[in-house]
Amino acid sequence: MGRWWTILPLLWLACTPEPTDPAAFAAILYPADNPSTAAGVALGERLFFDPILSADSTISCASCHQPGRAFSDGLPLSIGIDGLAGNRNTPGLTNVGYYHLPLFWDGRATNLEEQALHPVGTAHEMGGSWPEVIGHLSGTEDYPHWFLEAFGTSDIDSTLVGRALAQYQRTLVSRDSKYDRVLRGEASYTSAEALGHALFFDLGDDPGGDHAGLPTAECAHCHTPPHFTNQRFENNGLDEAPDLDAFPDAGRGAVSGNPFDNGKFRTPGLRNVALTAPYMHDGRFATLEEVIDHYDSGGRYAENRSANVHALGLSPGQKAALVAFLHTLTDTSFVGSRQDFRRRRAGAGSE
Amino acid sequence: MKNLLLFLLLPLLLTTGCLDDDDQLDPLREGELALAYRAEYGGQPLDIQRKVYGYPTGDSLKVLLFQYYVSDLELLPADGGESIRLEEIDLIRRRSAAGDPTVERTYLVPAGDYRGLRFGLGVKPELNAMNPSKFAANYVLNEAEFWGPTTRYVFAKIEANAMLEDDGRFDTGLSYHMGSDALYTTVTLDRRFTVGSGRTPRLTVVADVLKALSGNGETFDITAPGKQTVHGGNQDVAVGIWNRLATQFALRVE
Numbered sequence: 001m002g003r004w005w006t007i008l009p010l011l012w013l014a015c016t017p018e019p020t021d022p023a024a025f026a027a028i029l030y031p032a033d034n035p036s037t038a039a040g041v042a043l044g045e046r047l048f049f050d051p052i053l054s055a056d057s058t059i060s061c062a063s064c065h066q067p068g069r070a071f072s073d074g075l076p077l078s079i080g081i082d083g084l085a086g087n088r089n090t091p092g093l094t095n096v097g098y099y100h101l102p103l104f105w106d107g108r109a110t111n112l113e114e115q116a117l118h119p120v121g122t123a124h125e126m127g128g129s130w131p132e133v134i135g136h137l138s139g140t141e142d143y144p145h146w147f148l149e150a151f152g153t154s155d156i157d158s159t160l161v162g163r164a165l166a167q168y169q170r171t172l173v174s175r176d177s178k179y180d181r182v183l184r185g186e187a188s189y190t191s192a193e194a195l196g197h198a199l200f201f202d203l204g205d206d207p208g209g210d211h212a213g214l215p216t217a218e219c220a221h222c223h224t225p226p227h228f229t230n231q232r233f234e235n236n237g238l239d240e241a242p243d244l245d246a247f248p249d250a251g252r253g254a255v256s257g258n259p260f261d262n263g264k265f266r267t268p269g270l271r272n273v274a275l276t277a278p279y280m281h282d283g284r285f286a287t288l289e290e291v292i293d294h295y296d297s298g299g300r301y302a303e304n305r306s307a308n309v310h311a312l313g314l315s316p317g318q319k320a321a322l323v324a325f326l327h328t329l330t331d332t333s334f335v336g337s338r339q340d341f342r343r344r345r346a347g348a349g350s351e
Numbered sequence: 001m002k003n004l005l006l007f008l009l010l011p012l013l014l015t016t017g018c019l020d021d022d023d024q025l026d027p028l029r030e031g032e033l034a035l036a037y038r039a040e041y042g043g044q045p046l047d048i049q050r051k052v053y054g055y056p057t058g059d060s061l062k063v064l065l066f067q068y069y070v071s072d073l074e075l076l077p078a079d080g081g082e083s084i085r086l087e088e089i090d091l092i093r094r095r096s097a098a099g100d101p102t103v104e105r106t107y108l109v110p111a112g113d114y115r116g117l118r119f120g121l122g123v124k125p126e127l128n129a130m131n132p133s134k135f136a137a138n139y140v141l142n143e144a145e146f147w148g149p150t151t152r153y154v155f156a157k158i159e160a161n162a163m164l165e166d167d168g169r170f171d172t173g174l175s176y177h178m179g180s181d182a183l184y185t186t187v188t189l190d191r192r193f194t195v196g197s198g199r200t201p202r203l204t205v206v207a208d209v210l211k212a213l214s215g216n217g218e219t220f221d222i223t224a225p226g227k228q229t230v231h232g233g234n235q236d237v238a239v240g241i242w243n244r245l246a247t248q249f250a251l252r253v254e
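If you're matching them up, the sequences are chains B and E in order.
Each residue of the first sequence is one higher than the one before, counting from 1 in the UniProt record's numbering.
Each residue of the second sequence is one higher than the one before, counting from 1 in the UniProt record's numbering.
No lab work stands behind these hints, which were simulated from the structure alone.
Quantities reported herein were computed from a predicted structural model and do not represent experimental measurements.
Careful: at least some of the hints might be erroneous.
To be verified - Facing chain B, a subset of chain E residues (Cβ under 10 angstroms, in silico):
1. K62
2. R95
3. A144
4. G148
Backbone N, C-alpha and C fix where the C-beta goes; we use that ideal spot for every residue, glycine too.
All chains should be built: construct the whole structure from the sequences, respecting the hints.
Shown next as structure tokens:
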């Protein structure tokens, strides 16, 4: 009791708001039943890169979600076991841990834990079944031990696999793109990037501003910072649909059962977008230039097309500027650090 | 003895030392109040996407989105006493063709007689100046309703697809995004009601999209290309919509 005042700093600390990172995003929402731990993240990382999750041990999560491509695969449609093509483009995973609304292009998974369960049993992805996968994992020398470390039990089940994979994916954080550094005052845009920034954020709307008269590209209504997605579902005018049943891929509508959701897909985040070509849910656009051309055209008709998708009237220089701005969302440190892990794993395997 | 006193006071310090100004220690909540936000078009329940609505210019449209922020929602005691805050910030959003046109809220409030309620239409200036990253990712101020990367919220949105030629195609997008500190407007709705003594009143705040677009003898011309998109800096174009939106709210008590 003689040094009672020593508690005062603790009181002060308890009453001080949590420190904030000036470049940070709203904090990741960690599920109460799956808090991240070092052991859980390490286990998730091993599982992510291990083809043991597929029926014939040829396909891992990283087969499609390749670190060097910001966790996408460079293909229009994902290719799974036995070379089977899927029906959707592999999305990148940059900052996926910050997303708290339904995942997949059609929103069929409510969170990362649930999302991670889907590919194992999907015929054109990993092509197996959870009983088989659990059997394989339980039969190894190491995985029961790693699950024990991570979750306090060596009784492996799909829920724990999903939790571990989710914990790993919540570490895929990018916050050092040129865009971030400009926001922090550590870098400056080139003139083309600055023009692209103005177009992206509709700065031309302001009649008294520096960009008065500039067209507006209407990007940020859906690709809203800081993760450049509003996490919602939109019809961005990819397919002509005289009626709502005419879409070649119903997208969100197939999940919700609501025909007015047909042709809508989840707005993808744009961080590292320059690394994740080709684009759209079916990979129909090979380059960012094609994407910009699509939006500049106003897209194709459907009555549920977003009201923010309309002809833009961009000049060639303005289109190029938008592409230049999109390249500022590339975070090479994010990509590099994840590649290091792959090399480390490869090195360990060769010893 | 002095140290013992400090020891006894420490729990009190620990439990009260971190209170914010907004914390209420003794709310005396005694009655339940059901508050509904109802969206309408021309006096009828708003059906997102499903229904074709006529417009005074002779055109027709389908509404895709109608939403607005509400700040400092307060009950006004009939005796002129201090207002009772129900909510600091809320987002009332209608965007799904599957949903009900009414958004429901329930509050526990002090029993008594009230003369109405009051709220700010939009995000009040002190919140409008804050970086969204300071809030939880699933907080109402992190709903991706931002003008820019760090500050300023879009206070209200009306989005629709209009058919301007009689060709069956709703192919003209209408997108009205509004909000700025200058536009922030206090709305007061006078209607007497009583909470308590076995009474659980149901209040309904009604907002009519058509009245926001066309009312008070003025109709926003959706056929003019320059008036089909209002985003960010061109707020002057939509100031009429905002003013009509702010003045058309009605309060029903059941």
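Each hint tested on the structure:
1. K62: Holds. Min distance 6 angstroms.
2. R95: Hint holds; E/R95 Cβ to chain B Cβ min 8 angstroms, cut 10 angstroms.
3. A144: 4 angstroms, holds
4. G148: Since the shortest Cβ distance to chain B is 6 angstroms, the answer is holds.
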